[in-house]
Amino acid sequence: MQKSLHINADKCTGCLQCEMACSFENYGIFNTAQSRIKVFDFHHTGKKVPYTCTQCDEAWCLHACPVEAIQIDAASGAKVVREDICVGCKVCTIACPFGTINYVQETGKVQKCDLCDGNPACADACPTGAITYVDANWTGLDKMREWADKVGNQAAGA
Amino acid sequence: MAWAGKLLRVNLTTGTCKSEPLNMTWAKDYLGSRGLATKYFTEEVDAKVDPLSVENKIIWSTGPLTGTMASTGGRFTVVTKGPLTGAIACSNSGGYWGAELKFAGWDMVIFEGKSPKPVYLYIQDDKAELLDADYIWGKTIWETEPAIKTKHQDPLIRVSSIGRSGENGVLYSAIVNDLHRAAGRSGVGAVMGSKNLKAIAVRGTKGVGNIKDPKAFMHAVKEAKKVLAGNAVTGQGLPTYGTQVLMNVINEVGALPTRNHQDVQFESAKDISAEAMATPRASDGKAHLVTNQACFGCTIACGRISKIDETHFTVQNRPQYWGANGGLEYEAAWALGAANGVKDLEALQFANLICNEDGIDPITFGATVGAVMELYEMGVLTKEQIGIAAPFGSAEALCHLVEITAHSEGFGKEMGLGSKRLTEKYGHPDLSMSVKGQEFPAYDGRVIQGIGLGYATSNRGACHLRGYTIASEILGIPVKTEPTDTDGKPELLKAFQDATAAFDAAGICVFTSFAWTLNDVAPQVQAACGEEFTVENLTLIGERIWNMEKDFNLRAGFTRKDDMLPKRLMTEAAKTGPAKGVVSGLDKMLPIYYQVRGWDAEGNIKPETRKRLGL
Chain A
9 MQKSLHINAD KCTGCLQCEM ACSFENYGIF NTAQSRIKVF DFHHTGKKVP
59 YTCTQCDEAW CLHACPVEAI QIDAASGAKV VREDICVGCK VCTIACPFGT
109 INYVQETGKV QKCDLCDGNP ACADACPTGA ITYVDANWTG LDKMREWADK
159 VGNQAAGA
Chain B
22 MAWAGKLLRV NLTTGTCKSE PLNMTWAKDY LGSRGLATKY FTEEVDAKVD
72 PLSVENKIIW STGPLTGTMA STGGRFTVVT KGPLTGAIAC SNSGGYWGAE
122 LKFAGWDMVI FEGKSPKPVY LYIQDDKAEL LDADYIWGKT IWETEPAIKT
172 KHQDPLIRVS SIGRSGENGV LYSAIVNDLH RAAGRSGVGA VMGSKNLKAI
222 AVRGTKGVGN IKDPKAFMHA VKEAKKVLAG NAVTGQGLPT YGTQVLMNVI
272 NEVGALPTRN HQDVQFESAK DISAEAMATP RASDGKAHLV TNQACFGCTI
322 ACGRISKIDE THFTVQNRPQ YWGANGGLEY EAAWALGAAN GVKDLEALQF
372 ANLICNEDGI DPITFGATVG AVMELYEMGV LTKEQIGIAA PFGSAEALCH
422 LVEITAHSEG FGKEMGLGSK RLTEKYGHPD LSMSVKGQEF PAYDGRVIQG
472 IGLGYATSNR GACHLRGYTI ASEILGIPVK TEPTDTDGKP ELLKAFQDAT
522 AAFDAAGICV FTSFAWTLND VAPQVQAACG EEFTVENLTL IGERIWNMEK
572 DFNLRAGFTR KDDMLPKRLM TEAAKTGPAK GVVSGLDKML PIYYQVRGWD
622 AEGNIKPETR KRLGL
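Chains A and B, in that order, are what the protein sequence lines are.
Numbering of the first sequence is given in the numbering used here, commencing with residue 9 and proceeding in unit increments.
Numbering of the second sequence is given in the numbering used here, commencing with residue 22 and proceeding in unit increments.
Think of the hints as simulated: they come from the structure by calculation, not from any bench.
One should not assume that every hint holds.
[As the list claims (entries may be wrong)] Once the Cα atoms are required to be at most 20 Å apart in a straight line, the calculated PhoX-like pairs of lysine-lysine come out as:
#  : chain 1 : residue 1 : chain 2 : residue 2
1  : B       : K233      : B       : K243
2  : B       : K227      : A       : K117
3  : A       : K46       : A       : K117
4  : B       : K632      : B       : K515
5  : A       : K19       : A       : K55
6  : B       : K227      : A       : K46
7  : B       : K291      : B       : K364
8  : B       : K170      : A       : K46
9  : B       : K434      : B       : K446
10 : B       : K588      : B       : K601
11 : A       : K151      : A       : K19
12 : A       : K55       : B       : K307
13 : B       : K172      : B       : K160
14 : B       : K247      : A       : K19
15 : A       : K46       : A       : K19
The model shown is predicted, which means the values in this text are computed figures rather than measured ones.
Throw the hints in and build the complete structure from the sequences for me.
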């Protein structure tokens, strides 16, 4: 079974545990500047939204790469950057419609979410369930359950 | 070892910034943040200094756990000599700024001297420079933060700054970061303003990587997070209701100071409670509360984010105040509400918003309003003097006063003195509900005996966050004690005060202590910093910090008579509620507290105590 990172922004508190977990997993350091997941804080509405790569099936970044440095991990389905092949041309950063692959000036390579070999540290660290790693075919299961409950209540009340 | 290992020393007089290695001997003895900053401060600054003079210094300091994955590990402390009190000032804040400073590679920033013109400090990792603040001087905090980000074309900068009240010398000005988190008390913002320092803007990209034992640290952090999640207060009460969960609870036990501490219960407490914030309004069908919010690294998320009713008289035709903004937290809801008898929730949110926007401590402000309202009802202050009729309960007066205080206009200049100076000026010093010039927070110190003793002995003036005995006396954490009992309270308070100092020094939030003891903190600090930070050592560090602060105050001229509560709490009994008839038992508790602390009958630290603590 393949799994997907699933985000429920309503549950995000803006604590940035996910960003620290990401940088620690990949670089052994607590550093939000090196995180591949980013939490956006919309002050005017009070909304906090974590955002990262959704691992497109037809990945724009992968198709755009001229040296085939972005490859598919067979087990997790993640599109993974091979740093030994990447030449830092940044074409993938232009191709990605979502902005979730970015250049790192310190290494001269790009970086993106690789699902931590199928055990994403961000989902593990999230204290509220705003980021979960769930069955790729059933990312809507929780929402369906919530609505099913409402419908059920209406039926019971009628 | 979790510390960045260096500090930034900024001389505002000469305009220089230089890097210094952190004194690691002191770091071992005082840990960080509140402890280490106060060590530097008390070593470098004469205790007799005028707080608003060029000789005073001001320090921003993180702790070793700041910027790590330890839950709530985003705290920092501002230490200086406070202009409201003349005592050591030590104001703690959350948000994201502290972690950003650590990510830039600095444990602390020490400012000395005074700039000849308004400036701000801009830190990008190792690079630090003072820049001209002409374009932000005279602006609010909510204007300053985006202006700096725009100027440097960097939306990821974090800013700690003052608003107009700090520039104008309001004696209880706060320093605000990330729009609505504040180093709130004792007037630290006025010190910043007196030095022509508007802001510290930080962008850090280096991170915190020098954890002593990363594997053990991640394990300890994970276990400790589970403890927070499983606790009723930190896992459910605070995330759901915020600190406002207390409003109805404290009112029911008859310890909600009302109308300048004339009463101990507020008949409209439910109208300004957490439950009221979550209830849809009649006007627009929307709840006041929008969401909760965490500070950096925090897995509790007690912060409140709310929106004011757009049709409310305070914000009609003022769309700049229609967005989501911070609050109400319990302390502000009490100080702006019950303390003045005001029950209009929207008005409280507006007053709180102005406090955030221009950097004012809502506790001291609200308590000063309470004193002004009492003086008004006595006929000592008039409508003409204040600019508005100001009886208890007037939301209009509250909202008028907050704006003229923020702008230092007219009577607002007198408001900016705080209740002690203002009531003295009008011949009624007994009406200031304060200790050492700093006003009480939201728990009645005559009903809840332990917290009353805590107010009297707090090194920064009246404060609930130095030793939150409410945890024991009301919530039963770690054991339930009777609020009105005086027996055992000196010992209880000392234990809370010492442990709290250690929590603060580590760089974590004191709210974790609803669930954590030092037994939960020690494994995290040990894995991050070194095996020597055992529970026993952390307790000793806490006690050392407490005595260091006390020693500074003694040298500043404070004596036993400054450890007293106002006459009202000693002689006017609680009129209603379960504690009806009770007055403070401070007279009984204070001598015992001094003994428990190892101080003499006058409150001086005995030589053997100094020796034991290595002072």
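* Taking each numbered hint in turn, which are not upheld by the structure, reported in ascending numerical order? -> none
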